[in-house]
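Peer 1: Sequence:
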Amino acid sequence: MPIRLYNTLTRQIEEFKPLEGNTVRMYTCGPTVYAYAHIGNFRTFLFQDVLRRYLKYAGYEIRHVVNLTDVDDNTIRNSQAENVPLRAYTDKYIEAFLDDRQLLNLEEPEYLVRATDCIPEMVQLIQKLVDKGFAYLSEGSVYFKVAAFPAYGQLTHVDFSGVRTGARVDSDKYDKENARDFVLWKAAKEGEPFWETPFGPGRPGWHIECSAMSMKFLGETFDIHSGGSDLIFPHHENEIAQSEAASGKPFVKVWMHSEHLIVNNEKMSKSLGNFYTLRDLINKGYKPSAVRYLLVSVPHRKPLNFTFDGLHQAQQSIDRLRNFRFRLTKESFPAGESLTLQNRAHEARQKFEAGLDDNLNTAEALGAIFDMVRDGNTAMDRGEFREGDRGAFLDTLERWDRIFAVLEDDDHAKLVKFGFVKPSTAVDSAPVAVNETGNGHQGAGLIESLSDEEIEKLIAERKAARLGGNYARSDEIRTNLLKAGVILEDTKAGTRWKRK
RNA sequence: GGCGCGGUACCCAAGUGGUAAGGGAGAGGUCUGCAAAACCUUUAUACGUGAGUUCGAUUCUCACCCGCGCCUCCA
Numbered sequence: 001m002p003i004r005l006y007n008t009l010t011r012q013i014e015e016f017k018p019l020e021g022n023t024v025r026m027y028t029c030g031p032t033v034y035a036y037a038h039i040g041n042f043r044t045f046l047f048q049d050v051l052r053r054y055l056k057y058a059g060y061e062i063r064h065v066v067n068l069t070d071v072d073d074n075t076i077r078n079s080q081a082e083n084v085p086l087r088a089y090t091d092k093y094i095e096a097f098l099d100d101r102q103l104l105n106l107e108e109p110e111y112l113v114r115a116t117d118c119i120p121e122m123v124q125l126i127q128k129l130v131d132k133g134f135a136y137l138s139e140g141s142v143y144f145k146v147a148a149f150p151a152y153g154q155l156t157h158v159d160f161s162g163v164r165t166g167a168r169v170d171s172d173k174y175d176k177e178n179a180r181d182f183v184l185w186k187a188a189k190e191g192e193p194f195w196e197t198p199f200g201p202g203r204p205g206w207h208i209e210c211s212a213m214s215m216k217f218l219g220e221t222f223d224i225h226s227g228g229s230d231l232i233f234p235h236h237e238n239e240i241a242q243s244e245a246a247s248g249k250p251f252v253k254v255w256m257h258s259e260h261l262i263v264n265n266e267k268m269s270k271s272l273g274n275f276y277t278l279r280d281l282i283n284k285g286y287k288p289s290a291v292r293y294l295l296v297s298v299p300h301r302k303p304l305n306f307t308f309d310g311l312h313q314a315q316q317s318i319d320r321l322r323n324f325r326f327r328l329t330k331e332s333f334p335a336g337e338s339l340t341l342q343n344r345a346h347e348a349r350q351k352f353e354a355g356l357d358d359n360l361n362t363a364e365a366l367g368a369i370f371d372m373v374r375d376g377n378t379a380m381d382r383g384e385f386r387e388g389d390r391g392a393f394l395d396t397l398e399r400w401d402r403i404f405a406v407l408e409d410d411d412h413a414k415l416v417k418f419g420f421v422k423p424s425t426a427v428d429s430a431p432v433a434v435n436e437t438g439n440g441h442q443g444a445g446l447i448e449s450l451s452d453e454e455i456e457k458l459i460a461e462r463k464a465a466r467l468g469g470n471y472a473r474s475d476e477i478r479t480n481l482l483k484a485g486v487i488l489e490d491t492k493a494g495t496r497w498k499r500k
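Under my numbering, residue 500 is the last one in the first sequence; the count climbs by one each step, no gaps.
No wet-lab data here; the hints were simulated from the structure.
Using N, Cα and C, we set each Cβ at its ideal position, and we do this for glycine too.
Treat each hint with caution, since some may be false.
Derived DEER-like restraints, expressed as beta-carbon distance ranges [stated by the list, open to error]: (1) 350 / 92: 39 to 47 Å; (2) 102 / 422: 15 to 23 Å; (3) 13 / 331: 40 to 48 Å; (4) 266 / 323: 52 to 60 Å; (5) 347 / 98: 37 to 45 Å.
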């Protein structure tokens, strides 16, 4: 089945096929790096990650550009407030963004580019627009002349031609000919960073960077452009206008937008202050994989209501999946194989692929994999599972996880890597970090932690104690480990441990 | 006002013109030195409200109610 995607431009689900060859060229509006990105932002980045992962899964080559807006009112204001050069200020948040991406298992795009590294391309593009009569200079700034581009409004599906102009917007603030006109290049202000250009010193407007950067790396026409639904207007509408006016060609084939994250019936946003960053959630004891799972579990065109209960549920769901994989790899089964069972695994694979084919319906893909998990478990419990059946189930699971990327139990390792957790050595003195979260769930307490080696050592000791009938010692070790945030499970395949 | 998204069990959430996936929670059970965990089973005469089309609608049409977003910076 071909992949079908909902296109905001046509308002229809369309069969996807790359414009040229086997390569998908896609562009993503990245963050403005003046603060930590919040998980609402990451919902969009995660949706894009699922998109690119599934396109790869389907056999396409990906050429993906993500921009970093490192010059705008906010970055300038904040860097000046801290008395730091703009570049140094934004470096900090770019680094944080990259860390968060790794924590959330976001694949690295082929091009991750700072806006300020593409100023010449922007200037060129603006010059072209001026030359072609789509832009005009005024008081040192350059504006796009919306009236010169009749197709304006095609993405928003609004006819702007009859809209009154100048009445509502304070048109005297700028010297624009028309209130709808938007700025391509802003004249330099006293004390602000600027670049020298043929139209005078200044800095780029918000929209031009995305046109210039996408065209630089992907060409004048490319396959997919995506972002949050709040970017449809004016940002993406303006991008289309600028790009198509300059090139005379269609800009983008498929526009994809994700709905917002909702908190207490409001959009999560920086301006409302109702946001959580990944750091916030990690510090409350939640695992990055749970955040990824939650944000990816609801198809991108539906609003997603963020709650701590939801995060907790996500964590439980991942555990169920990981538990199944543990059984699958560690338990021993009788020799032989069961074609019926293996067919179940193949069916599950087809079903999850069919779900993702359908405009990335992640919920359906999730359902398919859980069906398989239940059937697999049942077969194991009944003794019907055979050694030869492992492969089929593992294969489906592995394929599924190429998209979802939550099965690897590496949260702890990542938290250590990024400095959220300090390794500790003393078992009995390890503090019990109980973090109450908003919903009363007990946080994982990942403040300090034992190393894997130390845990394994204690488990070996406990095993010996149990074999010798010394249950007092065995239980003591179990209790101490639990206090240190490590849960032991005695399974048929031996003692298994995991971190809370 | 314009444009868009949504209203499915206690919570989250798929889906279909022919009678409701999946996850969490709850309940029951299996396993176990104990415990925990795990696993299994189970939980919607019902899909915002009212009409209409139909042999039949949660799924189509119309109206209405409610929540959210965009229309200004915003993923």
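Peer 1: With reference to the structure, classify each hint as holding or not holding.
Peer 2: Hint by hint, here is what the structure shows:
| no. | hint | in the structure |
| --- | --- | --- |
| 1 | 350 / 92: 39 to 47 Å | holds (46 Å) |
| 2 | 102 / 422: 15 to 23 Å | holds (19 Å) |
| 3 | 13 / 331: 40 to 48 Å | holds (42 Å) |
| 4 | 266 / 323: 52 to 60 Å | violated (36 Å) |
| 5 | 347 / 98: 37 to 45 Å | holds (39 Å) |
Hint violations for this structure: number 4 only, all remaining hints satisfied.
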